[in-house]
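**Student:** Given only the sequences and the hints, what does the whole structure look like? Please build it.
Residue numbers for the sequence shown follow the working numbering, beginning at 6 and rising by one.
Simulated from the structure, these hints should not be mistaken for laboratory data.
It is possible that part of the hints are untrue.
[Unchecked claim] Restraint-style ranges between C-beta atoms, simulated for each label pair:
| hint | residue 1 | residue 2 | range |
| --- | --- | --- | --- |
| 1 | Ile36 | Leu236 | 43 to 51 Å |
| 2 | Leu164 | Ile26 | 23 to 31 Å |
| 3 | Gly31 | Pro153 | 51 to 59 Å |
| 4 | Asp158 | Gly31 | 42 to 50 Å |
In this text the structure is predicted, and so the values were computed from the model without any measurement.
We put the CB at the ideal spot given by N, CA and C, even for glycine.
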Amino acid sequence: MTEEKLSSQASSTKTWPKVLIGLLVGVVIGIILLWFSVLFNYSYLGLNIFDEVNIFKLNEDIKAQLLRGANISQTTANPTKKAETADWKNYEDSQQKYSLKYDPSFRVETLDETTVNFLSSDYKLSDSNKLWPSSGFRIQVTVVSKGPYKNLDVYESTLIEEENKINKSVIMIDGSYWRSFDFEAGDLSKSSMTFTMRGNLLYVISVDAELTEQTSSQNIYKLMLATFKFLD
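**Tutor:** As structure tokens, then:
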């Protein structure tokens with residue numbers, strides 16, 4: 006073998022490790038860049054990297070909500086919440102196909118086939134404004150045909166002005182994404198609304214509470230949301 010060929014082989018042998026090292030470094034840099042890209046996306050949307058919800062699998066409606074400033078969370082009947090609601094009564098609507106649990110001290114008031122109220126024992130409407138409570142709180146569940154509301158954006162636009170919404174969020178309840186926000190309801194009360202569409206139906210769960218009842222009403226409200234189940 007000539008001296009030129011031996012020199013060429015030796016040079017080739019020395020080059021391969023450099024190529025492999027270069028490829029390895031490139032792969033590592035690519036993984037690091039991908040990781041930082043994921044972190045940036047989660048941070049931009051207000052999520053934690055360890056959240057159970059995969060943002061890359063969210064539908065466009067949910068992504069749009071997040072980009073508009075809503076947070077995302079998951080409301081499920083975890084062991085702690087199950088213990089808190091263990092002695093609660095079960096309410097089931099076979100016609101509207103849902104069930105949930107409620108505090109046994111509450112009064113249940115069925116307004117019609119679409120709406121039911123769960124009233125705290127001290128619930129009382131204001132003398133000056135029969136729409137809002139002067140004491141206690143009311144949790145209302147309404148299920149109606151979505152009618153002219155072709156999507157949640159259309160429905161939400163009919164509620165209140167965007168600037169008056171507080172604590173906007175997207176919540177996972179029984180496998181479905183629900184929108185939620187709070188708002189001031191006059192000088193003496195505060196309300197929260199949580200709503201979704203499923204098939205041709207619009208589901209709305211709301212709470213109206215006198216201001217001094219905010220903490221207890223929100224606790225009960227969130228527990229009831231966690232027990233909500235679709236029956237179909």
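**Student:** Given the hint of 23 to 31 Å, check if Leu164 and Ile26 actually sit that far apart at their C-beta atoms.
**Tutor:** violated, 60 Å
**Student:** Kindly confirm whether 43 to 51 Å is satisfied by the beta carbon distance between Ile36 and Leu236.
**Tutor:** Since the Cβ atoms of Ile36 and Leu236 sit about 45 Å apart, the hinted range of 43 to 51 Å holds.
**Student:** With 51 to 59 Å as the target window, see if Gly31 and Pro153 comply at their CB atoms.
**Tutor:** Holds, at about 55 Å.
**Student:** Quick one: are Asp158 and Gly31 within 42 to 50 Å, going by C-beta?
**Tutor:** Holds, since Asp158 and Gly31 (Cβ atoms, about 43 Å apart) stay within the stated range.
The structure does not agree with numbered hint 2 stated previously, though it agrees with all others.
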